[in-house]
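Protein chains in written order, with my numbering: chain A, 36 to 217; chain B, 15 to 333.
Keep in mind that a hint or two might mislead.
Claimed, not checked - Here are the computed distance ranges between Cβ atoms for each label pair: (1) Y100/A / F177/B: 51 to 61 Å; (2) Y164/A / N270/B: 56 to 66 Å; (3) F284/B / D169/A: 51 to 61 Å; (4) D306/B / D61/A: 19 to 29 Å; (5) E269/B / Q102/A: 22 to 32 Å.
Keep in mind the hints are simulated off the structure, nothing from the lab. We put the beta carbon where it would ideally sit given N, CA and C, even for glycine.
Next come the chains, spelled out residue by residue.
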Amino acid sequence: MNILCPSVHNSEKLSQSVKKLTDYDDDLYKFYYIAESQIAANSNGCNVDSQMRKKVIDWLIQKHYEQKLNSETLYLSINILDRYLSKTEFEVTTQSNFELIGVTALLLASKYEQKSAVGVYDVEYMADYAFTPDEICEMEKIILKKLNWVLSVPTTYVFLVRNIRSCLLPDEDRRIMENLAS
Amino acid sequence: MEEIVHLGIPFLTPDQWDVITPAYKDFELIRSEGPRFGDMFKCKLKSTKEVVAMKILTIPEDQKSNGIPYSILNHVSILKTLNHPNILKLHTVLRTDLDVEDVFLVFEYIDVSLKKFLATPFPIDVIKLGKPFLRQALSGLAYLHVQKIIHRNLKPNNILLSFQNHEISKLKLTDFGVAKSIEPPLSPYSINMGNPCYKAPELLLGFTNYSTAVDIWSMGCIFAEMIKLQPLFIGNDGPKILTEIFCLLGTPTEENWPGVASLCSFIQAFDPPIKPKDLAAEFPKLEPDGLDLLSRMLCLCPNSRISAVEALEHPYLRP
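If we strip away everything but chain B, and leave its shape as in the complex, we get:
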């Protein structure tokens, strides 16, 4: 299953080459996410021949006078505290020379992201692999949520998989660039990050007091995408996605989401309210237990949505 798209040699400045070439070789770009989040490339440690993934975080020119910006502090600090088999492990942070302003993150290397798998002509057999996939992904999420860290940017791109004998041997969550560690007196948080297709309805409606439930929604969307082989909700902006969500799950009412009508006027545009569709007809391949879990993960009201720990206890995932 070696199907990595070869993107060539990563673009690095001479300074960056000077820092990494003494210890690393064989550079190869593996994923490119635009300048803000930094490219990820794989390379080999010269001493042990170990293959690792490296990501370079650059400090924007206009923020250099202010030392290391918040985004990098937050990103690295969160990564440093994480240690779980289902989370991509950060080996080291290179900051060798005080003259070079960038931060070099060295991760363990896992070959393929879920996104690439979904795009291959022989995609994952969900009936067989859905359970181990969800179990591993949710135990990674439960670990994060117990520490009150919200990932906020879960999408197929950020789930790495490696296979052995056609079974998932490793699943790793990655990209904690916009993750947030929340502390008990919850304060409002920014709602502008992440891909809208995997955003929870409370985020799309503009609630700033969200919690760990937003990640469960994203995971539900990803699980559904694995079955349908296309994103569950498609659209470029919030209102379009919300409309898609309501078309599938019905508009939220005061009964299933107390307080929603008073907090958001957007849903009053849906008059008469849309009735929820039958999920069983939408996902004919999925067994009843799986449907039940999916519907709980895609519950509109964040307070009634299943938590990662509860989901791991669900009959569908029980071994």
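Next up, chain A with everything else stripped away, as it sits in the complex:
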């Protein structure tokens, strides 16, 4: 717990002007920590081909970069993908099915995280028209049902941001760190 959440009191001192924004910080991260442990993806589901997962995530990162989406979106979409996989009863056998789940997770994450979200048609384009909009919408419903509609989860990103912030780096270095980390 302490390793995960080093105290941020120093950084709070630095930013007295935004004091209110960090009022609940410690409590918030305690809550994140508990929530994350409850919601984390696990290996209870069917077998997941780790090579295939790796390929799809690489592919998602590339698409994510091309579309210039927020980093939160990427973290959340991988979180959705993993949580879906750990709940599904059937093994995902083909690369194309895996990709469908991946892009749909990206669609959901961008809708949830971003102001100007990507639409179904953008996702269709990202996947080189391998899937029809209907297939994507259908997948979206299936994923939501499996995840029980829970999308507001603490992803790796929130912990990352805090750990970087508590390093008390100047703004310039911090930006480099954030880029490196993502």
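Using the hints provided, position chain B relative to the given structure of chain A.
Here is chain B on its own, set in the frame of chain A:
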């Protein structure tokens, strides 16, 4: 205290009837908030006879091609993570058939909203019930704020109460339609939601970097409304409400709200600045501790406004 306004049978499409009639019966509309937010109606679960409240979120026609819109994702996802005695509990989300595009939310059922209570000829005895009311409402808010969720639309309509022996037995915050879960690198948020009467001054002045303090302001307005039996600030638009706020609490200065003058030119229109009124004269019924808490909740500067956790520790609310 059964005083529900009977609005009749809710209007539902045949598809929607097909989804809910197998499991639910005895439909009765309880609150109507226009097509955007969906009507809420009560009904009975056929299997257990339990009374529940149901809300249907429809996907607008022009967004259907884009799957489930953000507003619904956000709304349901936030509701799903909440579990607190002072927040209306979401039992289930029905999405039975893939052909039916709507999302059916099933909540626990609480009879009356604070708004209806304020309108009855025998309103709440604030001197007696003010403390338990604030304690419950603020512990619900503290729970939300610790999770960095801002409600953004607190008003008497969205606070449900149930009474037992003339005491508040349950208080539930509801309607998370425009709630927002914020993450530590704060980014600008939309300022256009909610009823202007309960909006915090930083929202009315157009600050987009607001935080959990906006809910505390709304709660302060609601508490004041319970005492005065009419909304504390009345008006239809932002500038009118701001003027009312400044007439009561004085115009903000660089001392009590650092940086306000440089960020907003609106307040320079108040020349000479307005002096704050004495709250004790405005609320003669309220005891000094209560006045102090109210003035801290209605603090103009969001950074100095009391937080929900601090407010729960305030002498007025200490048991």
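Per the hint of 19 to 29 Å, is the separation of the Cβ atoms of D306/B and D61/A within bounds?
-> Given a distance of about 27 Å, which is inside 19 to 29 Å, the answer is holds.
Are Y100/A and F177/B spaced within 51 to 61 Å by their CB atoms?
-> 57 Å, holds
Lying within 51 to 61 Å: is that true of the beta-carbon distance F284/B to D169/A?
-> Since F284/B and D169/A have Cβ atoms about 57 Å apart, the given range 51 to 61 Å holds.
Would you say the C-beta atoms of E269/B and Q102/A sit inside 22 to 32 Å of each other?
-> 47 Å, violated
N270/B and Y164/A - C-beta distance against the hinted 56 to 66 Å = 59 Å, holds
When the structure is compared with the earlier hints, a violation turns up for hint 5 alone.
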